[in-house]
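J.: Sequence:
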Amino acid sequence: MPPHPDLEKSSAPLPDPSDLTTYPEGGIRAWLVVLGAWCGLTASIGLYNTTGVFSVIISNTILTSSSPTSIGWIFSIYAFMIFLAFSLLTGLGSSLLLTPSMACVAHWFDTRRGLASGIAWTGGGVGGVLFPLLIQGLLPHIGWAWCIRITASILLFLCIITICLCRSRIPPSVRKDDTSPWRATLPDYHIFLDGTGAMAFTTIGVLFVDLAYFIPITYLPSYYLSRQNLPTSSTISGSAAFGYQLLAILNAASCFGRLISGSLGDHFGHYNTMIISLFLCVLSIFTLWLPDIVIPSDSPVLLIIFVIIFGFL
Numbered sequence: 001m002p003p004h005p006d007l008e009k010s011s012a013p014l015p016d017p018s019d020l021t022t023y024p025e026g027g028i029r030a031w032l033v034v035l036g037a038w039c040g041l042t043a044s045i046g047l048y049n050t051t052g053v054f055s056v057i058i059s060n061t062i063l064t065s066s067s068p069t070s071i072g073w074i075f076s077i078y079a080f081m082i083f084l085a086f087s088l089l090t091g092l093g094s095s096l097l098l099t100p101s102m103a104c105v106a107h108w109f110d111t112r113r114g115l116a117s118g119i120a121w122t123g124g125g126v127g128g129v130l131f132p133l134l135i136q137g138l139l140p141h142i143g144w145a146w147c148i149r150i151t152a153s154i155l156l157f158l159c160i161i162t163i164c165l166c167r168s169r170i171p172p173s174v175r176k177d178d179t180s181p182w183r184a185t186l187p188d189y190h191i192f193l194d195g196t197g198a199m200a201f202t203t204i205g206v207l208f209v210d211l212a213y214f215i216p217i218t219y220l221p222s223y224y225l226s227r228q229n230l231p232t233s234s235t236i237s238g239s240a241a242f243g244y245q246l247l248a249i250l251n252a253a254s255c256f257g258r259l260i261s262g263s264l265g266d267h268f269g270h271y272n273t274m275i276i277s278l279f280l281c282v283l284s285i286f287t288l289w290l291p292d293i294v295i296p297s298d299s300p301v302l303l304i305i306f307v308i309i310f311g312f313l
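Note that the sequence shown covers residues 1 to 313 in UniProt numbering.
By construction, these hints were calculated from the structure, which means they are not laboratory data.
Bear in mind the structure is a predicted one, so any value in this text is a computation, not a measurement.
Beta carbons are placed, not taken as given, at the ideal position from N, Cα and C, and that holds for glycine.
Treat the hints loosely; a few may be bogus.
[To be verified] Simulated restraints, written as ranges between beta carbons of each label pair: (1) S299 x H190: 51 to 61 Å; (2) A198 x P24: 20 to 30 Å; (3) A152 x G195: 44 to 54 Å; (4) W31 x I260: 16 to 26 Å; (5) A198 x W144: 39 to 49 Å; (6) I28 x I170: 11 to 21 Å; (7) H190 x T22: 47 to 57 Å.
Using the sequences and the accompanying hints, generate a full structural model.
T.: Right under this line is the structure:
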């Protein structure tokens, strides 16, 4: 008579707890996970960091009669399918890709987690450099549709690498209310009920940080066009090309900033590093970007300095 399935499950060898609490801190498998996370963050954050380019092209080329403010309201304009694909579906897909790419690195690194995560996060900066320059170079020659197809092909290639390389090491904890395997994949809201509210306040804080961070990235190209009084006809080429390059400069600086801040976080604390970085970001806005807005000047030097510092931070 074959043994009962529950007896077989109970007699199966359990993983050694020391293997779960001891992190590899390196090795081929761990760094392949970092590579997979890098590709995933290039596809997700890199695309987020290109939002300003898409905003300028859509508002000044595709929807010339709409203002940037009205474009933010999806149902107030006729280009519903554009925003269904780019805003809703792309945002949903990028979010589903972003979270596992960030989390899997923490399964393989502890003392060097900041450095490994910083390396993975440079993918967002690389994508923010690649996609704006790619669109700037290809759009006048092959048009909007083929630019989107080529961008989508690059994203597909990066996502395939992410799926193949990103692996978790620590098994998920068993919850009492898990009645089926798919329920185990759902978010556990109990993490916000720890009695202190630390996780809830941290999550809300990160939400506001992200909202503030993407404002310059989204409106930087359109701000440059308005600043230089450039017509909509020069959106793709001519003097307006520097607006795309400003976004690429910001993302290139962020590659160095994420790498260095990740390493600093391992030594001085991740929250301490984040607080200092956020303070300097706010300071750069008030001392560099705001004067560039208030003080009329044809020279973009102050704006370039702000872009480099803000991107690095």
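J.: Taking the hints in turn, state whether each one holds.
T.: Hint-by-hint comparison with the structure:
1. The hint said 51 to 61 Å for the Cβ distance between S299 and H190, and at roughly 55 Å that hint holds.
2. As the Cβ distance of A198 to P24 is approximately 28 Å, the hint placing it in 20 to 30 Å holds.
3. Distance hint check for A152 and G195: the Cβ-Cβ separation is about 45 Å, which falls inside the suggested range of 44 to 54 Å.
4. Evaluation of the 16 to 26 Å hint for W31 and I260 yields a pass: the beta carbon distance comes to about 19 Å.
5. Remark: the range hint 39 to 49 Å for A198 to W144 is upheld by a beta-carbon distance near 46 Å.
6. Against the hinted window of 11 to 21 Å, the Cβ-Cβ separation of I28 and I170 comes to about 19 Å, which satisfies the hint.
7. Our hint of 47 to 57 Å for H190 and T22 is violated, since their Cβ atoms are close to 27 Å apart.
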